[in-house]
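The listed protein sequences correspond, in order, to chains A and B. Numbering-wise, this note's numbering comes out as the position in the first sequence, counting from 1, plus 430. Numbering-wise, this note's numbering comes out as the position in the second sequence, counting from 1, plus 4.
Hints may be right or wrong, so weigh each one.
[Claimed, not checked] Sample of chain B residues facing chain A (criterion: CB under 10 Å; computed from the structure): (1) Glu121; (2) Ser267; (3) Asp271; (4) Met282; (5) Asn303.
[To be verified] In silico PhoX-like links for lysine-lysine, alpha-carbon gap of 20 Å or less: (6) Lys823(A) with Lys150(B); (7) Lys864(A) with Lys470(A); (8) Lys786(A) with Lys1118(A); (9) Lys337(B) with Lys1078(A); (10) Lys882(A) with Lys225(B); (11) Lys681(A) with Lys624(A); (12) Lys173(B) with Lys54(B); (13) Lys347(B) with Lys68(B); (14) Lys999(A) with Lys116(B); (15) Lys283(B) with Lys1078(A); (16) Lys1085(A) with Lys283(B); (17) Lys197(B) with Lys337(B); (18) Lys1085(A) with Lys86(B); (19) Lys823(A) with Lys225(B); (20) Lys236(B) with Lys197(B); (21) Lys759(A) with Lys281(B); (22) Lys1078(A) with Lys276(B); (23) Lys111(B) with Lys86(B); (24) Lys197(B) with Lys225(B).
Just so you know, the hints here were simulated from the structure itself, not pulled from any lab data. Backbone N, C-alpha and C define an ideal beta-carbon position, used for all residues, glycine too.
Chain by chain, the residues run as shown.
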Amino acid sequence: MKLISISLSLVLLLCNFTTLLAQGNSYCNQSQELYKTLNKFHYSPTDIDDDFAEFVFNKSIEALDPFKLLFSHADIEALDAHKHSIDNYLLDDKCDFIEELTEIYKQNLGIFDRMSEIQIIAAEYDSEEQFDFESRSYAQEFELIGRWEEYLKLNLLISYFQFKEIEESSYDDFKAYCSDQGEEIKEEMICTLKESLGERDGEYNEVGEAYLEAIASAFDPHSMYLSPSKESEFGDHLSSEALSFGLEVYKNQEGDFEVYEIIPGGAAWNSNQVNEGDLINSIILEDDLPIDLGCMSEEDLFELTNEHNELTFSIIKQDGERLKVNLKKEKLEVQENIINSFVLSAIDSSTSQDAKSKIGYIYLPSFYTAESYGRYTPDGCAADVAKELIKLKSEGIDGLILDLRNNGGGSMYEANRLAGNFIDFGATCIADYKGEDPQSIKDMDRGMVFSKPLVVLVNSNSASASELFAATMQDYNRGLVIGSNTFGKATIQTILPIEANRFQSIGLIQPTSDAPEGYVKLTIGKFFRVDGSSHQLSGVSPDIRLFNEGAYSESTLPRALSNTSIDKKTYFRALGALPIEELKERQAERKSDVQEGRANSSNFRSIPLGFEAYTKFLTIIRGNDLEEEQDQVNLLEINSPAFALENKLETDFDKERRERLIEKIQNDIYISESVLIISDLIQINQSK
Amino acid sequence: MNFKNLIISSIFLFLPALCVAQNTQEATAYMNEVSQRTFELEDETWDYLKAVTRGKKARKIEDKREELIRAIRSAQIYTSKKRAFYGNTAFRDALVNFLDLRYTVLKEDYDKILDMEEIAEQSYDAMEAYILAKERASEKLDSAFKELLVAQNTFAKTYDITMNDDRSKQQERIEKAGATLKYYNDIYLIFFKVYKQEAYVLVAIEEGDISGIEQNKSSLKTLAEAGIEELKEMQSYKGDATLKAEAIDVLEFFKAESENEFSGLSDYFLKKEEFEKMKNRIDNASKRERTQEMIDQYNNAVNEFNAANQEFNKAMESSYNGRVKVLTDWDKKVEHFITNHSK
Chain A
431 MKLISISLSL
441 VLLLCNFTTL
451 LAQGNSYCNQ
461 SQELYKTLNK
471 FHYSPTDIDD
481 DFAEFVFNKS
491 IEALDPFKLL
501 FSHADIEALD
511 AHKHSIDNYL
521 LDDKCDFIEE
531 LTEIYKQNLG
541 IFDRMSEIQI
551 IAAEYDSEEQ
561 FDFESRSYAQ
571 EFELIGRWEE
581 YLKLNLLISY
591 FQFKEIEESS
601 YDDFKAYCSD
611 QGEEIKEEMI
621 CTLKESLGER
631 DGEYNEVGEA
641 YLEAIASAFD
651 PHSMYLSPSK
661 ESEFGDHLSS
671 EALSFGLEVY
681 KNQEGDFEVY
691 EIIPGGAAWN
701 SNQVNEGDLI
711 NSIILEDDLP
721 IDLGCMSEED
731 LFELTNEHNE
741 LTFSIIKQDG
751 ERLKVNLKKE
761 KLEVQENIIN
771 SFVLSAIDSS
781 TSQDAKSKIG
791 YIYLPSFYTA
801 ESYGRYTPDG
811 CAADVAKELI
821 KLKSEGIDGL
831 ILDLRNNGGG
841 SMYEANRLAG
851 NFIDFGATCI
861 ADYKGEDPQS
871 IKDMDRGMVF
881 SKPLVVLVNS
891 NSASASELFA
901 ATMQDYNRGL
911 VIGSNTFGKA
921 TIQTILPIEA
931 NRFQSIGLIQ
941 PTSDAPEGYV
951 KLTIGKFFRV
961 DGSSHQLSGV
971 SPDIRLFNEG
981 AYSESTLPRA
991 LSNTSIDKKT
1001 YFRALGALPI
1011 EELKERQAER
1021 KSDVQEGRAN
1031 SSNFRSIPLG
1041 FEAYTKFLTI
1051 IRGNDLEEEQ
1061 DQVNLLEINS
1071 PAFALENKLE
1081 TDFDKERRER
1091 LIEKIQNDIY
1101 ISESVLIISD
1111 LIQINQSK
Chain B
5 MNFKNLIISS
15 IFLFLPALCV
25 AQNTQEATAY
35 MNEVSQRTFE
45 LEDETWDYLK
55 AVTRGKKARK
65 IEDKREELIR
75 AIRSAQIYTS
85 KKRAFYGNTA
95 FRDALVNFLD
105 LRYTVLKEDY
115 DKILDMEEIA
125 EQSYDAMEAY
135 ILAKERASEK
145 LDSAFKELLV
155 AQNTFAKTYD
165 ITMNDDRSKQ
175 QERIEKAGAT
185 LKYYNDIYLI
195 FFKVYKQEAY
205 VLVAIEEGDI
215 SGIEQNKSSL
225 KTLAEAGIEE
235 LKEMQSYKGD
245 ATLKAEAIDV
255 LEFFKAESEN
265 EFSGLSDYFL
275 KKEEFEKMKN
285 RIDNASKRER
295 TQEMIDQYNN
305 AVNEFNAANQ
315 EFNKAMESSY
325 NGRVKVLTDW
335 DKKVEHFITN
345 HSK
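Model the full assembly from the supplied sequences, consistent with the hints where possible.
Structural data, given as structure tokens:
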């Protein structure tokens, strides 16, 4: 999945390369601090031994050079002496590995001087070549330039197909594209690579960052090092009140930053000077120094805008007019977090003709929270869902589908509150923090917002807080969990400054926005189901399986924590068992369009570089996306619930957004299948 | 409203008899000697009970409670130092054990005698945990008292002592007031659960927490209905049904409040939120963007929201006035009931 999302959405594969700001060359000292903090506060600190050393060694190199384009076989051999010594370096304050790695990395960036040797020869695209990014070994030094050739080839293919339907493509057209734009794309690629590999600023912080990240991830896959700017990125994702300029940009085909969305109510929206389609060609800082955005990556631009609360954007309007727009960050709702609800009913169903139930549908993309002065306020996602539920109830819905697919989690507090909307009261899970007695987490609001049948739709990207919620609904027999096994993450993280080890306990550490050395997100606890069992590694099993898991889950991650159970008294009142077997039978009788055990074809290990072969490869990937959308028109009638105010002002933006969502729901076979399943559940309940 | 009267009535249990009829002089003397300080606790116990039932100030009640705790402690130490009776320590030990438990319960050191983790887990909130702990402590004290009675009877039987069931005046008064308090406690707990639930709704309103409002108000209705049913099943106290009837009145108010005053709350808060967003949008729109249609729609929304606001204020006022009235009546009835039945 990882590769596909990259190859289809970005021109450059190197988006995973670490790109960070200059922080001085103190990474060796930072690694000591980081290690001490992890060792002190991690839920289950790892043994620091040869295995640990080897993991950090491999992970550091892999992060710097994921596609084996930079380091040669000889480089790796030279570094090999450190492979089983990193554990000792950390304990003895030694910097040998990071110093030598930096030196070799610096030398290897010299490859850019040779890039001009690479010729763009479109005729070569009839070969059987493959871009093998996983299993190949490190190249001999003389082979490296050939690998870069392959890499450029792949970029040209991706770039060509980015805005081209497969049916409209042809080899001749592609050749023309290469001769027209090949050189430009090559220069752009080199420029961006130099930027993201740290060759431009000459500080090579990437090596230190990769090393720190490797150390953190050796403790478990969810512990990570965060540079000061990354910490803010993480926070934005979870809070609905992040400061923002209120515009979203992407790097268009020409390599310019183009505004593709203005967020209503945000700073850019309110300036009345920025429109979608405008190009940003430079940014002017306080000291009037313009920063040219020519070779800047999206990540770097993000970090630059993240650092400043006020910036002047130099903008080129679509008619060629140039203007300078000064923007100050404002609070706005993180767009992906706005919740919309819908009322669905099956238009035509062979088995549910007589029971046309009205079904509420809510998609929750993440468990975001609202915080004020470090204290939770009741304005997070659980409250937003409750508001939609109240609207849906006045529409007279008979059941609800809560869609948690691809919801990677977020705040446990919100997951608990969300569960509270659907259960009376009682324990929802058990949290176990290092050095403390396990404690049960309870729904502290007696009563329910919604008490009718509930279906929770999950997939293997539903992680953490999503799993906690799904498990609670299962344990209480409150909701039917359908879809696939969930991700399998039952660990709790917090973010601390990397020098937190100087404090006796986590409770004593003041939250600070200023940690120049960076932060560590580390695993400080595990959570368990109310019966003391855990879904760590295994995931929450669905009551009804609609599709298979994706290839990526907790159990596939290196050094994931093990599945353990806990002994703790909890009290909760489960409802009567759900008629799962009967629902399964009905689903089987329906000869559903949803085929259980759909092959997961996204697990590619290499990409063909021949034009014909690549076209076939792309057909499979795009076809896979399309397959789920086929023949799905008009299976559902979809309506929005009425607003509370009769005179509600709805903007074009709101309308467009809603229409997009309706189309998405209409094309999703798993939602229509969920409607049929919950309709069956309602019918079975009524016939009792 | 507070917990001043929520007292475990088992602390008012006394040994039923003085050993007056004596067949075996030595054994009787021993028994009297061992129990002597326990009987003397009557004075402190009555002082405390008087303070509670006659509506004394919290400080005064607390002083009396502390005096009683000290007296029990000293009686326990005194008793534990008594010798065995020809090797027999059963009666003495049962009495020491009972006094020890009584001391712990009165001090509310529940974690010494109960599994507080289990109690916390079983309870909805801290208040419910406190009430549940009191119930459990009371059960323990009752059973320790039964063991004491058995030990006393066994000792009497062994040494051929005839027990006398006579009560002192003081003991009778203590028992009477204790029984009144027990009846009151039973009703109070039913009342309190619903009263507390209403407070949760009010907190949610205060915080504008729609999820909390929606959940807690539905629970308020359920709990009020269940409480009314439970109260109806209860007997009058010595022919007096006033306390029970008053409690039903309070719960009827909470039930009606959940159905009337609180019914439009969530809708109001949704309107409020939508209106505020709309206002924000209009305020931030440039003159060029403000179309006549937008302005008309906004003006309509202003009227709609003002009407909703008025409704909300009216409902809150009615809820406040109703609450003040039923709770004042309840307090008066409680005072009257306890004074009347503790004399």
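Against the earlier hints, flag every one the structure doesn't satisfy and list their numbers going up.
The structure breaks hints 2, 6, 9, 18 and 23; every other hint is satisfied.
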